[in-house]
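A.B. asks: The residues making up each chain are set out below.
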Amino acid sequence: MTELKESMQKAHARLKKRRAAEKRFKMFGVGALAFAFLCVLMLFTSIISNGYTGFKQSYIQLDFVMDETIIDPDGSRDPAKMRFSNYNALVKTALKTKFPDVTNRRDKRKLYGLISSSAGFDLRDMVLDDPSIIGTTQSVWVMASDEVDMLIKGVFDRTQPESTRPISNTEIAWVETLEKEERVESRFNTNFFTSGDSREPEQAGIQGALVGSALTMLVTLALSFPLGVMAAIYLEEFAPKNKFTYLVEVNINNLAAVPSIVFGLLGLAIFLNLFGMPRSAPVAGGMVLALMTLPTIIIAARAALKSIPPSIMEAAIGVGASKMQAVFHHQLPLALPGILTGTIIGMAQALGETAPLLMIGMVAFIADVPSTPFDPATVLPVQVYLWADSPERAFVEKTSAAIMVLLGFLITMNALAVLLRKKLERRW
Amino acid sequence: MKPMTKDNAVDIEKELNLSNGNVSKGVNSVKLSQDEVKIAARDVRVKYGEKEALFGINLDMPKGKVTSFIGPSGCGKSTFLRCLNRMNDTIDGCSVTGQIMVDDVDILSKQVDTVLLRAKIGMVFQKPNPFPKSIYDNVAYGPRLHGLATDKNALDEIVEISLEKVGLLKEVKDRLLEPGTGLSGGQQQRLCIARAIAVDPEILLMDEPCSALDPIATAKIEELIDELRGSYTIVIVTHSMQQAARVSQQTAFFHLGNLVEYGETEQIFTSPVDERTKGYITGRFG
Numbered sequence: 126m127t128e129l130k131e132s133m134q135k136a137h138a139r140l141k142k143r144r145a146a147e148k149r150f151k152m153f154g155v156g157a158l159a160f161a162f163l164c165v166l167m168l169f170t171s172i173i174s175n176g177y178t179g180f181k182q183s184y185i186q187l188d189f190v191m192d193e194t195i196i197d198p199d200g201s202r203d204p205a206k207m208r209f210s211n212y213n214a215l216v217k218t219a220l221k222t223k224f225p226d227v228t229n230r231r232d233k234r235k236l237y238g239l240i241s242s243s244a245g246f247d248l249r250d251m252v253l254d255d256p257s258i259i260g261t262t263q264s265v266w267v268m269a270s271d272e273v274d275m276l277i278k279g280v281f282d283r284t285q286p287e288s289t290r291p292i293s294n295t296e297i298a299w300v301e302t303l304e305k306e307e308r309v310e311s312r313f314n315t316n317f318f319t320s321g322d323s324r325e326p327e328q329a330g331i332q333g334a335l336v337g338s339a340l341t342m343l344v345t346l347a348l349s350f351p352l353g354v355m356a357a358i359y360l361e362e363f364a365p366k367n368k369f370t371y372l373v374e375v376n377i378n379n380l381a382a383v384p385s386i387v388f389g390l391l392g393l394a395i396f397l398n399l400f401g402m403p404r405s406a407p408v409a410g411g412m413v414l415a416l417m418t419l420p421t422i423i424i425a426a427r428a429a430l431k432s433i434p435p436s437i438m439e440a441a442i443g444v445g446a447s448k449m450q451a452v453f454h455h456q457l458p459l460a461l462p463g464i465l466t467g468t469i470i471g472m473a474q475a476l477g478e479t480a481p482l483l484m485i486g487m488v489a490f491i492a493d494v495p496s497t498p499f500d501p502a503t504v505l506p507v508q509v510y511l512w513a514d515s516p517e518r519a520f521v522e523k524t525s526a527a528i529m530v531l532l533g534f535l536i537t538m539n540a541l542a543v544l545l546r547k548k549l550e551r552r553w
Numbered sequence: 035m036k037p038m039t040k041d042n043a044v045d046i047e048k049e050l051n052l053s054n055g056n057v058s059k060g061v062n063s064v065k066l067s068q069d070e071v072k073i074a075a076r077d078v079r080v081k082y083g084e085k086e087a088l089f090g091i092n093l094d095m096p097k098g099k100v101t102s103f104i105g106p107s108g109c110g111k112s113t114f115l116r117c118l119n120r121m122n123d124t125i126d127g128c129s130v131t132g133q134i135m136v137d138d139v140d141i142l143s144k145q146v147d148t149v150l151l152r153a154k155i156g157m158v159f160q161k162p163n164p165f166p167k168s169i170y171d172n173v174a175y176g177p178r179l180h181g182l183a184t185d186k187n188a189l190d191e192i193v194e195i196s197l198e199k200v201g202l203l204k205e206v207k208d209r210l211l212e213p214g215t216g217l218s219g220g221q222q223q224r225l226c227i228a229r230a231i232a233v234d235p236e237i238l239l240m241d242e243p244c245s246a247l248d249p250i251a252t253a254k255i256e257e258l259i260d261e262l263r264g265s266y267t268i269v270i271v272t273h274s275m276q277q278a279a280r281v282s283q284q285t286a287f288f289h290l291g292n293l294v295e296y297g298e299t300e301q302i303f304t305s306p307v308d309e310r311t312k313g314y315i316t317g318r319f320g
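Those protein sequences? They're chains H and F, same order as listed. Here the first sequence is numbered in our numbering, starting from 126 and rising by one per residue. Here the second sequence is numbered in our numbering, starting from 35 and rising by one per residue.
Derived by calculation from the structure, the hints in this document are not laboratory data. Accuracy of the hints is not assured; some may be wrong.
[Stated by the list, open to error] Simulated pairs of lysine-lysine, BS3-like, Cα-Cα distance not exceeding 30 Å:
1) F/Lys-81 x H/Lys-431
2) F/Lys-161 x H/Lys-548
3) H/Lys-448 x F/Lys-154
4) H/Lys-548 x F/Lys-207
5) F/Lys-161 x H/Lys-547
6) H/Lys-431 x H/Lys-547
7) F/Lys-186 x F/Lys-199
8) F/Lys-167 x F/Lys-199
9) F/Lys-312 x F/Lys-97
10) F/Lys-99 x F/Lys-312
11) F/Lys-161 x H/Lys-366
12) H/Lys-448 x F/Lys-199
13) H/Lys-448 x F/Lys-65
14) H/Lys-278 x H/Lys-181
15) F/Lys-65 x F/Lys-312
16) H/Lys-135 x H/Lys-148
17) F/Lys-161 x H/Lys-431
18) F/Lys-144 x H/Lys-368
19) H/Lys-366 x F/Lys-144
20) F/Lys-167 x H/Lys-547
21) H/Lys-130 x H/Lys-141
22) H/Lys-223 x H/Lys-305
23) F/Lys-144 x F/Lys-85
24) H/Lys-548 x F/Lys-167
25) H/Lys-448 x F/Lys-85
26) F/Lys-81 x H/Lys-366
27) H/Lys-448 x F/Lys-167
28) H/Lys-431 x F/Lys-207
29) H/Lys-431 x F/Lys-85
30) F/Lys-186 x H/Lys-448
31) H/Lys-448 x F/Lys-161
32) F/Lys-144 x H/Lys-448
33) F/Lys-65 x H/Lys-366
34) F/Lys-186 x H/Lys-368
35) F/Lys-99 x H/Lys-368
36) F/Lys-97 x F/Lys-81
Chain H with its partners taken away, still in its complex shape:
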């Protein structure tokens, strides 16, 4: 009896320990989750606080005299000629009339620097649109230069000593004069979404990178989806199970873990050097990313095919379907939700990939928006990389803004994958 009691006591003591261990484990789990959540929160706060101003742009209102002697000296109103007139002279005149005290050559250059160099193009477009404005005075909102923009957004501290500040006292005085006259305005930066890359931060936009990403993804999807699904079907259903197919299988699994830059080198050696495909083009980038995405899709598709109960295949074969018919009529449609989920995740991975694209020259500075997969282009993550590398302060917010757009796309794609799986999932 006493023995039994003793053993019970021991069990009791152990029970306490077991409960404590369970509690500890739970706490580790909660702690890990909380830490991860905190990190994500910090990442997003940092990106958003840096980047939200990137979606805004300061504009300055000036009165431009549309001087006929400059725009159209011979009075022909010929657009082909007017296209090449010196519109910058109009901008300079407008600034000089606004601040007549500036005579010094160095100060004049600073004064012209208040306004983005795109102002001249804006005036040109206005004239070409409506030649009747020649000879009138137009009050136009033009983009401020990146430094003025930074000043207005409060990135540059006005109270700092002049020597440690990238913008001088005279420039600040001009901006303050303009601000007093309410000739300064912060607007939504549509330019960010409608133009390509630029050396001038205020003119730089992500449309080039967006279109480049879209074209690249299109090529990747068009190549990797059919190839991956076909390969998965063949390996899963038709290939004989022998040492060779086993080797292939092992290698596909290994390929999924190969560093992506290796695929970039492969693309450089084979697609560019051997096949002579265009450098920096989405078609080559898409092919490289397709190589990278293939193992993901094959593995996901095989898992999806494997999860379909064999009774469905047997039923189809039992009524006289050939193996291929059974697979394509029954197994593949049932496996499609799983395959699509894997594909979207693979595509999201490819969308965020930078390293392999550096190898095939998609890191070049490209100001034009590509219109075909054969035009030189860059993609969103590479654009982020390029801007993060630029010295101008204004590119910091552009970088964060571009990251926000990229993350937005990734989250949308992943949400789509979840939605698709929920919607198409079937029970039997």
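Given chain H's structure and the hints, the job is docking chain F onto it.
C.D. replies: Then chain F, alone, in the frame of chain H:
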């Protein structure tokens, strides 16, 4: 008779000399004339890799009647059934030798096209396995595959007749476009039978068609088998000896890859010749 217990089961098997795989050829008391035979198996041997599953089966199955295979698990009755429409072809490493004559054609020969063969020899599986498609599409799948219907009306007719034959038409008439997986287990199995007979086969193979069903659904299927007899030659594998006794005219008892005894159902269940058959049907092992 000794009651069956775990301990004496082994003794009985030893006593009856069951553990030895290469016992003599079984007893065959079914005498059929040449015209009556639909399926004739001669020395059918099946190997899964190195492991032998069937040791030379000789069996004649009569036209328009129900033949049932009984025997303990792993005795090879399902394996033999799957030989009859070459379903074993889909299993890796499975080899079938011997001869199975169906209407003077050896269906095991390489020249036979399995797709056409399976249209002629339909199969119903253990677990109801309707496609996750509509009831209509389930039945119409086979006819569409083999081009049996020239137009939509003909297809509708085939579907209707097939469902009528299995007694399902009345129950599902208004929901032909609803998924077949939404039916009850018994209805699903009847749908699978309808799917099999929609391609107008001559032979129906059934692999334990009622093992996943409740008694009422089982009774309906058995009734159906009885109705279908005559139009089709039916071969059924079953674990239930009562079912074999109820639905079949011939019964074959398999054990450890051998055909032990084959005879008229009544004779098998009332006066079995082989000791092993006697032992199995009286519940002493199995």
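A.B. asks: Among the hints numbered above, which are violated by the structure, and what are their numbers in rising order?
C.D. replies: Result: hints 13, 28, 33, 34, 35 break, sorted rising.
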